[in-house]
Structures are given as structure tokens and as C-alpha cells.
Amino acid sequence: VSGRRFSRGAAGLAAVLVVAGVALAVVAARGGDPQTLQERVRSVASSLRCPVCQNLSVADSPSALAGQMRDTIATELEAGKSSGQIRQEFAAAYGEWILLAPPKRGLDLAVWLLPIALLLGGAVLVVLAVRRWTIGSAPDHPADPSVLDPADRRMLDRAIATYPGDGE
Amino acid sequence: VDGTTPPTVPHPSEMSPGRRRRNRWVAVAALLVSVVVLAALFGFGLSRDPTAIRSPLLGKAAPTFELRTLDGGQTVRLPDLRGQVVVVNFWASWCADCRVEHGALAAAWDRYRDQGVVLLGVPFQDRSSASMAYVDTYGGDWPQLTDPGERTALAYGVYGVPETFVIGPDGRVAAKRVGAVSYEWVTDQVERLLPKDGR
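Just so you know, the protein sequences line up as chains L and X, in that order.
So the first sequence is numbered by our numbering: it starts at 1 and just counts up by one.
So the second sequence is numbered by our numbering: it starts at 1 and just counts up by one.
The shape of chain L in the complex, shown without the other chains:
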């Protein structure tokens, strides 16, 4: 396989991956708007860390404090506050630590960008490595004796001439 043919294939694969990634991101971002109050409470609660647990969200924690927080979220949603406002209020009292997803700014941006950068870096490494392997194993010349270089031609002729058996 020639380098050009291969890079065309890689570009196609990259395009497919990008489209799939964008589609996933769109679905994740829109992801079915919660309708009932219970669903909206769950949506906010699952984005907040339970303060008295180890790595549990307020939505998943059975602790009394998480229950109080869910009640508070419900009351505030009913009072017309947005999910973002409620999250901000909890962050103001407990610190940004309480947000399970760190804000997309400042140093916290690194946790959002680093995985993407690592993924892209890995993809580049794979493309380079695969390219190197396939070029190495691909025949450089077609199996046409006319393109044998003169030295090989002579060696082959000699071998045929001295081959024992039906050589006459």
C-alpha cells in the first residue's frame, strides 16, 4: 500500500471519528430535557457532590444531608430558580469542590482538554506507527522479472542454469 493511499484512508477514518464525536457531544449536551420536578431535581442533584460521602452525588446518596439538599433543590426550582443558579449557590457555600463537573475555565479547563489532547496524540502515534509498519511490509516492486536489478538478474540466471534436474 502506498503512503498516499494510506493517508487517504487515515483521513477518512479521522473524519468518521470526528463526526461520531460531534454527534455524541450534541446528544450528551441536549440529552433529553428533564420535564417533571422530580427529574429536574435529580438532574441538579446528580451534578452536586454529597458533602458527607466519598464520591457520591447528592442524587445517589442515602445520607440525611443529601436528602435535605434534594429538598432544598426542589423548593428552589419551584421558586423559579434555574439549575445553574442553584448549583452556584451550593458552590458559594461549599466551594467549587461540590460541583461534580469542574467549571470550564482557568486551571480546571485542563481536566476537560487534557483527555482530548491525549486522545489526539495517541491517534497521531497510532497513525505514524501503522504507516511505518505497512510501508515496511509492502512490496516495493511488482513481481515482474523485467524490473529486477542487473545484479539480481545475473544471480537468478546463474541459479537457473546450475539447477540440477530437468535443466537440459
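Taking beta-carbon pairs under 8 Å as the criterion, some of the chain L residues facing chain X (in silico):
| # | residue |
| --- | --- |
| 1 | Pro51 |
| 2 | Val52 |
| 3 | Ala64 |
| 4 | Gln68 |
| 5 | Asp71 |
| 6 | Thr72 |
| 7 | Ala93 |
| 8 | Tyr94 |
Not the full set, but computed from the structure, chain X residues with beta-carbon under 8 Å of chain L:
| # | residue |
| --- | --- |
| 9 | Leu57 |
| 10 | Gln125 |
| 11 | Gly149 |
| 12 | Glu150 |
| 13 | Tyr156 |
| 14 | Gly157 |
| 15 | Tyr159 |
| 16 | Gly160 |
None of these hints come from the bench; they were simulated from the model.
Bear in mind the structure is a predicted one, so any value in this text is a computation, not a measurement.
Note that beta-carbon positions come from the ideal geometry of N, C-alpha and C, so glycine has one too.
Keeping the supplied structure of chain L fixed, place chain X upon it in accordance with the hints.
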């Protein structure tokens, strides 16, 4: 297969040995650097207490509240206490460390109650009857406030009891203590906030 196109990337076997060796060193160095960076990050994370988080309220206006006393007789509004040093202690009758600090709070209350210092107790996740029984047992006549739905505790970012907040005369949170307070800690905080000429 387009056999006439020569490969554009030289096969490793066609590279000079020097270049190959250099590439290998670059790869090893990149790997080492990433391992060291990751190890440093993990080490930093593990060396820190995940629960010791500085309260974002420090230096900010204290979340306001208007709460009834445990016996229902009175309502305490934080804005009414502007100009005074307010010590807000979240506690519970089931909390062992609260018993440890109770004496320190009582002593501080006795010392400062006539100097424009207000101590407020706010039971946290406790039955009113249990809180009142606790006060009967251990004493202390500073106001105890009911916090329906733990709304005030949540606004102060309380994780667990005991937690103590010291609010300055300007209405800002000056100090926060997680766990039992000592008499020295309370007096240090209060002395820093009390007007110097008012004593």
C-alpha cells in the same frame, strides 16, 4: 496498488543508526516525563486531606437567616446583630465532639456575653426534643435556633457537626472551624474582632 509511487517515509531500516537511536531516546524521555508528571499529581493529591477545604465564605457576607429559638419564644434575625461579633455553632445532641467543645463555648459565652458578643447554637439534623434535653443536661443559656430543612446549615456549607463560624461586626465571615473548638480558639477570634476601645 499504485506501484510506481515511492514511499515518502523512510523505513526504519533505511534511517541512519544515529537518527534511529535519537528517536528512541526522544520516546523514552517523553514516556519518563509523563510518568513523572502523573506520579507527582497523584502524590500531591494523596498528600492532601480531601475533606480539608477552605470555606469559600471566609471574608464574604455571612448568609443571612431569620430563625426561631428552640422553645419558639423568640426570632433571631442575623441583620439585627450587625455591629456585634456573632459566633454561630452548628451542633447536634448525637455528636460526640459537640460534647467536647460544650465547656469551651459555655466559658466563652460567660466571658463575652456582656461585651457585644452573641453566641448562637443551631442544632443540625437533630430532633428538637433531643436538642432541648441536651441543653438541659449540659447547660448553657445562649440562644438555640431551629433550622427547618437545614436551610441555614446548607447556606453555610456545613458538612457535619460541630462547625463554628465567627461573623465580624461588619457582617462578614471572619473564621470557620470544623470540629470541636477550644476556648483559646474562640477567644482568639473574638478578641481580633472586638472593637479595641469598646472594653
